[in-house]
Amino acid sequence: MSPSAESGSPYENITEMTLLTPIKDGEADELAQVLAAVQIAEDSPIKKISTIHYARWVILDEGARLLFTSNFDGTWEKYLRDFSEKIPEGLDAIWGHCVGWPGAQPFAPFRKWVDRHQVPANLFYAAYPESTVREVQRALDWKEKTERFVAELAKPPRSS
Amino acid sequence: MVVSVGRVLQENLGDIQGNLLHAYHMPVARYAFYRLEDPASGRAWLGKLSDRVTSATRWSEGDKPSSTMNVALSFRGLEALGLPTATLASFPEEFRLGMAERSEILGDVGESAPECWEDALKGDGLHVLVEIHAQTTTALESHTEWLESVSQAAEGVVVEYVQDAALPKTGTEHFGFVDGISQPSVEGSALPELPGHGTPVESGKWKPLRPGEFILGYVGEDGLASETPTPAALGLNGTFVVFRKLHQRVADFRQFLRTTAQALWDTDDPEKVELLAAKLVGRWRSGCPLELSPDQDNAAIANNPQINNNFRFAQDPDGERCPIGAHIRRANPRGSLDATDTLVRRHRILRRGLPYGEWLESESDDGADRGLVFIAVGSSISRQFEFVQEEWINKGDLFFLDGEKDPFVGANDGTGKMTLPGPSVPFIFNLQRFVTVRGGEYFFMPGLEALRKLAQGKWSADS
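The listed protein sequences derive, respectively, from chains A and B.
For the first sequence, position 129 (counting from the first letter as 1) is numbered 304 according to our numbering, and the numbering increases by one without interruption.
For the second sequence, position 119 (counting from the first letter as 1) is numbered 233 according to our numbering, and the numbering increases by one without interruption.
Only chain A is shown next, with the shape it has when bound in the complex (with noise of 0.2 Å):
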């Protein structure tokens, strides 16, 4: 465990964070259950933080752990604030099923807790570190914006 893990990434404007807690005794096949439930909800707590580039859940170990990384755009302070103020329940129907958990409000306890269980990454790789979630999706707009007009400009003039 680092003891005061800010991030471990090489980049400026991406960070990566691992966080690997213990399951409470007997509670891991409800705690699979609610993962289930987030990933299939429509309104999903995750899509509420447009920071994230990816996150996963993963019950290790027979259900004795919870491993959590993510990879994310800005600083680590800021982006569990975000956590912590905008999906509360989201946060506590998660990790509620982890030993410790002190609740993801207010701010302090919670950030404590996660400083405690996160783990420093060996080695972090990012295809795009410079390209924000943001910024993808720009892109991507961009490109279908781009490829409409193109496809306008490729047919003859209308006769008038």
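Please keep in mind that the hints were generated in silico from the structure rather than gathered at the bench.
Any given hint could turn out to be false.
To be verified - Pair ranges (Cβ atoms, derived): (1) A:A302 x B:A453: 22 to 30 Å; (2) B:L211 x A:A283: 12 to 20 Å; (3) B:S256 x A:P185: 56 to 64 Å; (4) A:A302 x B:T344: 42 to 50 Å; (5) A:A216 x B:P540: 31 to 39 Å; (6) B:P535 x A:L242: 39 to 47 Å; (7) A:A216 x B:D233: 51 to 59 Å; (8) A:P277 x B:E215: 28 to 36 Å.
Unchecked claim - Distance condition first, Cα-Cα at most 30 Å in a straight line; then the derived DSS-like pairs of lysine-lysine: (9) A:K318 x B:K283; (10) A:K318 x A:K287; (11) A:K223 x B:K531; (12) B:K178 x B:K162.
All C-beta atoms, glycine included, are put in the ideal place defined by N, C-alpha and C.
With chain A's structure known, arrange chain B on it following the hints.
This is chain B only, laid out in the frame that chain A set:
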């Protein structure tokens, strides 16, 4: 540390310093900065000042004083008063570091970097900020005389810097805009509720922000009491105050408007110049918002406080009326980011600044220093002022405007771009930095009782 939830702000106005929750609306001000060389004499001096500090108690009709005084301390100032290490360490990190150390976050780079600040503003000597606001320059001078006599009589209390401020004759800031229209309204502050000042709620209504966003020890928008330093009594009824001296390049700004109008529309007609200026800011110079009047200025809207701030950006998602990158839309997105990004109501600031310097009459630069004494008030400098400055002013990512900065006050470098959605002109190019930082610091403005106890050395290590 968290203190009792449910404190009622209105009952404590007499212990909260003035000009925080309610603006004084006085036309002249003086910001004097002092260095304390000795804890005991510094405390004695502070004790003399504390008797004359103005509170937030509302004035009745005809009761407005001719001058006011308020006192705040930087982290170096709290050190200089002899507070013990544990107390000092209980203050938030950004406050302990001070503004100069936060330059990367704030976008204070290039000409705005702390190395380029005025000498007196970049040292560690800004211990105590004493603000005097006054109705007239005569009242300002007479209050200053008193302050000077008290300070000269004190041992080791040294004036480091003095900045005067006064509303220019135009009644606007130096770029010519009516400023300070939009301010968050605060629950229990005893101010009339104006539409558009709080946080947007359903059915077109607005809700004032909870007091913990702006005063320590009260419940904030997260439903929790805002954190105070320890001991809690030191923080209670206090708050943080950001001081920045912002130099404005008025001639450059005017020139840019003309050149750019010429490039965009092949004319520098005043009509087009004004439209361009309004697009950068999101309001016409009168204060009339583009959301309510996108094609021409409207004095009737501008002058009506029931209307001039009553709009939301949800009505204009593409920014065809008010560009998404316009200054007022970045600085206060009005709930438009709540669904996917961040709760806007957690990142609001009270602005209490005043312009400094003379109005520029000539076309070309006269070399004089003019700009804005920018003051931001909030219970968390990092979550409020710094967040707004970093994420909304100098980044565009949350708005899908990557690579763009605020066109008006952002850290542009001559190659800045602004997207103008709509059918006619898609982009403005070559944006430069119109505002440079000349210096600044973070201050803690204690409640009156806490100020008196600080002065008595109640919490000091050496007394």
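To see whether the hints hold, each was checked on the structure:
| no. | hint | verdict |
| --- | --- | --- |
| 1 | A:A302 x B:A453: 22 to 30 Å | 29 Å, holds |
| 2 | B:L211 x A:A283: 12 to 20 Å | 19 Å, holds |
| 3 | B:S256 x A:P185: 56 to 64 Å | 60 Å, holds |
| 4 | A:A302 x B:T344: 42 to 50 Å | 46 Å, holds |
| 5 | A:A216 x B:P540: 31 to 39 Å | 38 Å, holds |
| 6 | B:P535 x A:L242: 39 to 47 Å | 43 Å, holds |
| 7 | A:A216 x B:D233: 51 to 59 Å | 58 Å, holds |
| 8 | A:P277 x B:E215: 28 to 36 Å | 30 Å, holds |
| 9 | A:K318 x B:K283 | 51 Å, violated |
| 10 | A:K318 x A:K287 | 42 Å, violated |
| 11 | A:K223 x B:K531 | 28 Å, holds |
| 12 | B:K178 x B:K162 | 22 Å, holds |
Checked against the numbered hints given earlier, the structure breaks hints 9, 10 and satisfies all the rest.
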